[in-house]
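Mind docking chain B on chain A? Use the hints.
The chain contents come next:
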Amino acid sequence: MAELLIKKQWTRAEQLQALEAGGKKKGRAAGGWMADIAAQKKVITLCQGCTHKFNPKRVGYRKEKEFPVCQAKCDGCSTWDPFCSWYIYEELYTTVRSTAEERRALAASRAKRIAHGFL
Amino acid sequence: MQYAGCLCGAAPVIKRYKASATGMVAGAIVCAQANGSSGQMIVTAATATANQLGSLLDTGVGPNAPITYSTTQGADEAVYGVIVNPDQMLRVLMVTGATGTALTADTIVTATASGLTTIGGTSVASPDMDQGIVWYLSGANVGRSRTIGSTSSVTATVIVPFAANAIGDTFVYAGLNIGLQGMTLTTSVQNVRSDIAIATGVNATTIDLELNGISDSYVTATLGDCVWCQTT
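Protein chains in written order, with the numbering used here: chain A, 1 to 119; chain B, 1 to 232.
The following block holds chain A by itself, in its conformation from the complex (with noise of 0.2 Å):
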């Protein structure tokens, strides 16, 4: 599939913006950028025309399913966008977050424990 390369024009704004923490620095490749942030574990956000890009599994990242969409800069683009999805590295998502799925199975595991008389 042939792809169009176009050199991005970048502005006096946009680069500065770039220089914010944690942003993509003038000239540098989307894909590098958010190779280097997967590889630091980082939590990614990108937004909706980005986030199909990005193959969490192959960088042992999760995609955040609860809460399908978070407001942040996407790692992709680096525009603010309210309908970003989000990824956790894989390692580290039970420490900050918790599923639907795990609570059920605690619960269920809590009413059993009960019947057997001890929680």
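Check the hints yourself; a few may be wrong.
Said to hold, decoys possible - Some chain A residues near chain B, calculated using beta-carbon distances under 7 Å:
1. K41
2. K42
3. T95
4. V96
5. S98
6. R110
7. I114
8. G117
Since the hints were derived computationally from the structure, they do not count as laboratory data. Even for Gly, the Cβ is constructed at its ideal location relative to N, Cα and C.
For chain B alone, coordinates are given in the frame of chain A:
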């Protein structure tokens, strides 16, 4: 600590902030930096906190080298993802002790037919568990909980009676309860200590309790001193 949604049901707002110090751990509450600090945030202390920014989502640890706070020229800047919603709810495991071991179960040593007292082997008056919560792990009251109305030595008295208890029944108590502000964290600042007197420690307010066994009971809390509401 696990992000468990916002009171208003809104989507989480995620920002990236610069660390002012080392010790950033995923799930911890982070606070605005003190005047004159280098970065933008510090991790909460275990026993007190002010000007909370939100909860940390990552550790910033790379596969080869940790991305940590550094003042060395040329070092990577330590930047972390933070959920900043002021009304966020955090689900936290209840533990005992500074290092975070399982809750300590106590055993009924004197049975009471009225169900108004739980008389165990350890003191509930020091640290004082008055207004905290007590729940049974075994016996006729297994799974049931009550607010502690008063304490004296090893006796916790409740106002709404349990069923009659028996010698050997096991129970657990915690210095936490709905609407109480203050919880002491472990040294890792990731879990809540249940063995500390009520309303002590970090400014976080209990909104929910999941009273299960000694290793899988949780408290859900909101931030009580959020910098987005008022700087203190």
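Results of checking the hints against the structure:
no. : hint : in the structure
1   : K41  : holds, 6 Å
2   : K42  : holds, 4 Å
3   : T95  : holds, 5 Å
4   : V96  : holds, 5 Å
5   : S98  : holds, 5 Å
6   : R110 : holds, 5 Å
7   : I114 : holds, 4 Å
8   : G117 : holds, 6 Å
Hint check: no violations occur; every hint is consistent with the structure.
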